[in-house]
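Novice: One-letter residues, chain by chain:
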Amino acid sequence: MSLLTVQNLQQHFPVRGGLLRRSVASCKAVDGVSFSLGAGETLGLVGESGCGKTTLGKSIVRLLKPTAGKIEFDGQDITAASSGELRPMRRHVQMIFQDPAESLNPRHTVRDILDEPFIVQKLGSKDERRKWVLDLLDKVGLPASAMDRFPFEFSGGQRQRIGIARAIALKPKLIVCDEPVSALDVSVQSQVLNLLLDLQRDMGLSYLFIAHGLSVVKHMSDRVAVMYLGKIVELAPAEELYHHPRHAYTKALLDAIPVPDPAKRRKRELLQGDVPSPINPPAGCAFGHRMKHPQWQASVGMDLTLKEVSPGHWVQPCPCCTQ
Amino acid sequence: MSAPILQVENLVTAFDTDAGRMTAVDGISFEVPRGRTLGIVGESGCGKSVTAFSITRLLPQPHGQILEGSIRFEGRDLASLPVEEMQRIRGNDISMIFQEPMTALNPVQTVGKQLAEAILLHTACSKADVLARSIDMMKKVRIPAPEQRLNEYPHQLSGGMRQRVMIAMALINTPKLLIADEPTTALDVTVQAQILELIADLQKEMGMSVILITHDLGVIAEVCDEVAVMYAGRIVEQASVFDLFANPRHAYTQGLLESIPRLDSKPKTLLKAIPGNVPGIADFKPGCRFAERSGREHTEAHLNQRPAFVEISPNHFVENCPVCIS
Numbered sequence: 000m001s002l003l004t005v006q007n008l009q010q011h012f013p014v015r016g017g018l019l020r021r022s023v024a025s026c027k028a029v030d031g032v033s034f035s036l037g038a039g040e041t042l043g044l045v046g047e048s049g050c051g052k053t054t055l056g057k058s059i060v061r062l063l064k065p066t067a068g069k070i071e072f073d074g075q076d077i078t079a080a081s082s083g084e085l086r087p088m089r090r091h092v093q094m095i096f097q098d099p100a101e102s103l104n105p106r107h108t109v110r111d112i113l114d115e116p117f118i119v120q121k122l123g124s125k126d127e128r129r130k131w132v133l134d135l136l137d138k139v140g141l142p143a144s145a146m147d148r149f150p151f152e153f154s155g156g157q158r159q160r161i162g163i164a165r166a167i168a169l170k171p172k173l174i175v176c177d178e179p180v181s182a183l184d185v186s187v188q189s190q191v192l193n194l195l196l197d198l199q200r201d202m203g204l205s206y207l208f209i210a211h212g213l214s215v216v217k218h219m220s221d222r223v224a225v226m227y228l229g230k231i232v233e234l235a236p237a238e239e240l241y242h243h244p245r246h247a248y249t250k251a252l253l254d255a256i257p258v259p260d261p262a263k264r265r266k267r268e269l270l271q272g273d274v275p276s277p278i279n280p281p282a283g284c285a286f287g288h289r290m291k292h293p294q295w296q297a298s299v300g301m302d303l304t305l306k307e308v309s310p311g312h313w314v315q316p317c318p319c320c321t322q
Numbered sequence: 000m001s002a003p004i005l006q007v008e009n010l011v012t013a014f015d016t017d018a019g020r021m022t023a024v025d026g027i028s029f030e031v032p033r034g035r036t037l038g039i040v041g042e043s044g045c046g047k048s049v050t051a052f053s054i055t056r057l058l059p060q061p062h063g064q065i066l067e068g069s070i071r072f073e074g075r076d077l078a079s080l081p082v083e084e085m086q087r088i089r090g091n092d093i094s095m096i097f098q099e100p101m102t103a104l105n106p107v108q109t110v111g112k113q114l115a116e117a118i119l120l121h122t123a124c125s126k127a128d129v130l131a132r133s134i135d136m137m138k139k140v141r142i143p144a145p146e147q148r149l150n151e152y153p154h155q156l157s158g159g160m161r162q163r164v165m166i167a168m169a170l171i172n173t174p175k176l177l178i179a180d181e182p183t184t185a186l187d188v189t190v191q192a193q194i195l196e197l198i199a200d201l202q203k204e205m206g207m208s209v210i211l212i213t214h215d216l217g218v219i220a221e222v223c224d225e226v227a228v229m230y231a232g233r234i235v236e237q238a239s240v241f242d243l244f245a246n247p248r249h250a251y252t253q254g255l256l257e258s259i260p261r262l263d264s265k266p267k268t269l270l271k272a273i274p275g276n277v278p279g280i281a282d283f284k285p286g287c288r289f290a291e292r293s294g295r296e297h298t299e300a301h302l303n304q305r306p307a308f309v310e311i312s313p314n315h316f317v318e319n320c321p322v323c324i325s
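Chains as they are written, first to last, in numbering that gives the first Met the number 0: chain R, 0 to 322; chain G, 0 to 325.
Source of the hints: derived by calculation from the structure; they are not laboratory data. Predicted, not measured: the structure shown is a model, and the values here were computed from it. Cβ coordinates follow ideal geometry from the N, Cα and C atoms, glycine included. One thing to keep in mind: the hints can contain errors.
Claimed, not checked - With a Cα cut of at most 25 Å, we get these calculated SDA-like pairs of lysine to any residue: (1) K203(G) - H214(G); (2) K139(G) - R265(R); (3) K267(G) - G155(R); (4) K125(R) - D147(R).
Said to hold, decoys possible - If you want the footprint, here are the derived chain R segments under chain G, 3+ residues with CB under 8 Å: (5) 114 to 125; (6) 270 to 277.
Claimed, not checked - Estimated spans, in silico, between C-beta atoms of each pair: (7) K291(R) - A123(G): 41 to 49 Å; (8) M101(G) - G300(R): 35 to 43 Å; (9) K130(R) - M101(G): 42 to 50 Å; (10) G37(R) - M205(G): 25 to 33 Å.
Pulled out of the complex, with its shape left as it was, chain R reads as follows (with noise of 0.2 Å):
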């Protein structure tokens, strides 16, 4: 059974204009997505900025309340859950952050920040709670003495740490993490990687892992859904996917990245333009259009939802982007 079921997700936000700031578009950022997530799996999810998998990550941990469609946690529709229904199920979803330095309150001391989980949880004394604090600075590779330190008296990876650590700290099951290594340096970024791939293992947690490196999420993924203009148009295992891409997107993206190799230099096929706006997307295969594919006019009106074309790999079925 999965831990998380999403279906036909659509998170839209209205776009207000003129004197009385009414609705005047809507911008679809998360356009009619489905997929589930087992217990212990990573489900990747890449793309280009813009394309909607921030906005994904935050409907699943009901930072936002979705326009449609359905959220199933641990068997449990949270979709339109009120924030007191959602305490206990807030347990077991975190998030990690991007950039650190914005994600934790700067005049709270490293115990505070980790407290709280707790203290909104209402568990254990003050004394219990101190001696979970130094465990879970212990799980994160972070010294005791951080305990009462400020967030600005570290560097970028240690932040992220702490950043983890406070994720952890109530045992979730789930794990948005939304690009946690982007902000960091080269040679901390894999430590940081490391350490979810540890905390993984021993804890037994699920990941939604966002990035929009393909490198880094297939190093750490199972699986690997490639999302486009609010739309997931490829899904399959991470080396599935890597070695047998099916939709244009997802080759133009395996294309794109630069390999850490010049022996391996290859002349590319680039794409032209740039990822349209989710405000009143292009119908049909929004890739296609940006291709002025000469297919795409077939793909107007048709059912785009992701078929199975070999086991475990489902892809967006249009006549321009998939032969």
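Keeping the supplied structure of chain R fixed, place chain G upon it in accordance with the hints.
Specialist: Coordinates of chain G only, in the frame set by chain R:
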């Protein structure tokens, strides 16, 4: 082979702060061969951008100063050139593009006006000429509908288009040397690929030399001819790109190359990580600066005495700390 376009010799750049003098670039030497691309790779705080600002003499004044060394460009030492002469070179013979085009472009002036300024600062020409040259350059950087774009403001353009405008501004006076400081870091990978190819194509067409500063070893491998690896204010290794990736000699270069996840590595396996953190400028040691992260035993002498920068094999230079070199 002809003489290099740029020769940097023992460059030392420091900033005066309340906490004392901080040496951001600590005696580095390198050359940029004519018509080729030198990549400078390193992590935040390693001094790669300060190197670029030293060459273009754009260090924040009065705190940032070049204390020692020379920067020879076409027979002249840029480090000691009077400000007015430097202004004639900057934007003309040497230009620079920056990481974030939104902050580097003026938000309240049209693209056309900013391009015109770059032309008129260095050449006297008529309005019609300026317009013709601007349109021509916009076409070269592959901006569609250039006539229309010239009348637009930076905020009306996408990130990729803005970076193209920056490149157009930098190249409009056909410079001999282009310094690109993290030109694609703020961009998506598909747009990054477009911009890197554009720079490479224009380089071929105009015959210029390029210094490309980045933290991304992938970008280095794709576009550079020579690479200098910087760590904590110094160059620890320098070689041709093929030599460096095939045969890295310094423990830091080796660690960096091993620590990046690759598309062909096995998913969910632990990466070889470099322990510890990038040192802050106040903690720079006199000797080998990578010692405490190298996981190798360094003696007191290694920590206190600066290792020499030597040619370890033909055209392959390293900071010769005997412990970090294998």
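Novice: For every hint, state whether the structure bears it out.
Specialist: So, going through the hints one by one against the coordinates:
| no. | hint | verdict |
| --- | --- | --- |
| 1 | K203(G) - H214(G) | holds (24 Å) |
| 2 | K139(G) - R265(R) | holds (23 Å) |
| 3 | K267(G) - G155(R) | holds (23 Å) |
| 4 | K125(R) - D147(R) | holds (15 Å) |
| 5 | 114 to 125 | violated (count 0) |
| 6 | 270 to 277 | holds (count 4) |
| 7 | K291(R) - A123(G): 41 to 49 Å | holds (43 Å) |
| 8 | M101(G) - G300(R): 35 to 43 Å | holds (38 Å) |
| 9 | K130(R) - M101(G): 42 to 50 Å | holds (48 Å) |
| 10 | G37(R) - M205(G): 25 to 33 Å | violated (54 Å) |
Hints 5, 10 from the earlier list are contradicted by this structure; the remaining hints agree with it.
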